[in-house]
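S.K.: Letter by letter, the chains look like this.
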Amino acid sequence: RKEVEQDPGPFNVPEGATVAFNCTYSNSASQSFFWYRQDCRKEPKLLMSVYSSGNEDGRFTAQLNRASQYISLLIRDSKLSDSATYLCVVKGRNYGQNFVFGPGTRLSVLP
Amino acid sequence: GAVVSQHPSWVICKSGTSVKIECRSLDFQATTMFWYRQFPKQSLMLMATSNEGSKATYEQGVEKDKFLINHASLTLSTLTVTSAHPEDSSFYICSALPPRGHGSDTQYFGPGTRLTVL
Numbered sequence: 001r002k003e004v005e006q007d008p009g010p011f012n013v014p015e016g017a018t019v020a021f022n023c024t025y026s027n028s029a030s031q032s033f034f035w036y037r038q039d040c041r042k043e044p045k046l047l048m049s050v051y052s053s054g055n056e057d058g059r060f061t062a063q064l065n066r067a068s069q070y071i072s073l074l075i076r077d078s079k080l081s082d083s084a085t086y087l088c089v090v091k092g093r094n095y096g097q098n099f100v101f102g103p104g105t106r107l108s109v110l111p
Numbered sequence: 001g002a003v004v005s006q007h008p009s010w011v012i013c014k015s016g017t018s019v020k021i022e023c024r025s026l027d028f029q030a031t032t033m034f035w036y037r038q039f040p041k042q043s044l045m046l047m048a049t050s051n052e053g054s055k056a057t058y059e060q061g062v063e064k065d066k067f068l069i070n071h072a073s074l075t076l077s078t079l080t081v082t083s084a085h086p087e088d089s090s091f092y093i094c095s096a097l098p099p100r101g102h103g104s105d106t107q108y109f110g111p112g113t114r115l116t117v118l
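Protein sequence lines correspond, in order, to chains P and B. Position 89 of the first sequence, counted from 1, bears residue number 89 in this note's numbering, the numbering being contiguous throughout. Position 93 of the second sequence, counted from 1, bears residue number 93 in this note's numbering, the numbering being contiguous throughout.
What the hints contain is simulated information worked out from the structure, not anything from laboratory work. Possibly wrong hints are sitting among the right ones.
Calculated cross-link-like contacts (lysine to aspartate or glutamate; reagent style EDC-like; alpha-carbon spacing at most 16 Å) [unchecked claim]: (1) B:41 / P:15; (2) B:41 / P:5; (3) B:41 / P:57; (4) B:66 / B:87; (5) P:45 / P:7; (6) B:55 / B:65; (7) B:20 / B:59; (8) B:20 / B:88; (9) P:91 / P:3.
What follows is a list of derived Cβ distance ranges for each label pair [to be verified]: (10) P:68 / B:12: 44 to 50 Å; (11) B:73 / P:81: 15 to 21 Å; (12) P:27 / B:80: 28 to 34 Å.
Ideal Cβ positions, reconstructed from N, Cα and C, are used throughout, including at glycine.
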């Protein structure tokens with residue numbers, strides 16, 4: 001079983017739609033969680049960290065359920081510019097531990 | 001945010017040659033840098049952890065004699081792909097970890113180097 005798993009995608013949605021991505025992780029010792037977005041042929045860029053209480057940044061909402069080892073990302077009112085691959089990332093407790101990336105979910109927002 | 005550069009951004013080479021990729025943290029000193037590899041339609045896979053002044057730690061299945069890592073200063077790590085073959089063609093991305101207390105416990109990624117081996 002992979003350490004981080006995500007919806008296989010791709011997701012093709014019209015502009016303005018709401019889309020949700022799911023992610024599960026297997027290592028219960030994981031302590032830090034992030035969503036990154038990656039555009040084609042570019043490096044990953046941090047979208048948002050994910051906190052236990054859930055957090056929102058504009059149209060983006062992230063949720064964490066530690067008991068279920070589950071992370072989600074909700075995008076509201078999707079824009080064409082949201083088209084990218086979304087990577088779920090987890091990290092262990094210790095400072096400096098490497099990130100473990102999920103396989104990513106590709107999103108295409110259509111006009 | 002913090003800036004990490006990589007050079008070159010892309011390289012095409014013949015099979016059997018060696019290619020060096022540089023990763024620099026431009027506005028902080030990084031005792032730890034990470035090297036990732038990403039094949040088409042796949043996610044990033046950690047190759048090795050590079051620590052300044054010591055030997056790199058390689059992930060299982062990554063040949064240390066083929067992928068030479070040198071982290072000689074707090075702002076520079078290099079990855080050398082020795083005797084490159086077509087199957088080494090990939091997108092190589094480095095990341096740098098700021099010192100503890102610098103800010104968040106996150107990594108800053110370089111823009112990546114696309115290697116094509118003919």
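S.K.: Would you mind marking each hint as holding or not holding in the structure?
M.R.: Hint-by-hint comparison with the structure:
Straight-line distance between C-alpha atoms of residue 41 of chain B and residue 15 of chain P comes to about 24 Å, which puts the hinted pair past the 16 Å bound. A C-alpha spacing of about 15 Å is found between residue 41 of chain B and residue 5 of chain P, which places the hinted pair at or below 16 Å, so the restraint holds. Among the hinted pairs, residue 41 of chain B with residue 57 of chain P is inconsistent with the structure: their alpha-carbon atoms are about 28 Å apart, more than 16 Å. Simply put, residue 66 of chain B and residue 87 of chain B have alpha-carbon atoms about 13 Å apart, close enough for the 16 Å limit, and the pair holds.
Pair hint residue 45 of chain P plus residue 7 of chain P does not hold up; C-alpha atoms about 19 Å apart against a cutoff of 16 Å. Straight-line distance between C-alpha atoms of residue 55 of chain B and residue 65 of chain B comes to about 12 Å, which keeps the hinted pair within the 16 Å bound. Among the hinted pairs, residue 20 of chain B with residue 59 of chain B is inconsistent with the structure: their alpha-carbon atoms are about 19 Å apart, more than 16 Å. With a C-alpha separation of about 13 Å, the suggested pair residue 20 of chain B and residue 88 of chain B falls inside the 16 Å cut-off, and the hint holds.
Pair hint residue 91 of chain P plus residue 3 of chain P holds up; C-alpha atoms about 11 Å apart against a cutoff of 16 Å. In this structure the supplied range 44 to 50 Å holds for residue 68 of chain P paired with residue 12 of chain B, their Cβ-Cβ distance being about 46 Å. The hint said 15 to 21 Å for the Cβ distance between residue 73 of chain B and residue 81 of chain P, and at roughly 38 Å that hint is violated. For the pair residue 27 of chain P and residue 80 of chain B, the beta carbons lie near 32 Å from each other, so the given range of 28 to 34 Å is met.
Hints 1, 3, 5, 7 and 11 from the earlier list are contradicted by this structure; the remaining hints agree with it.
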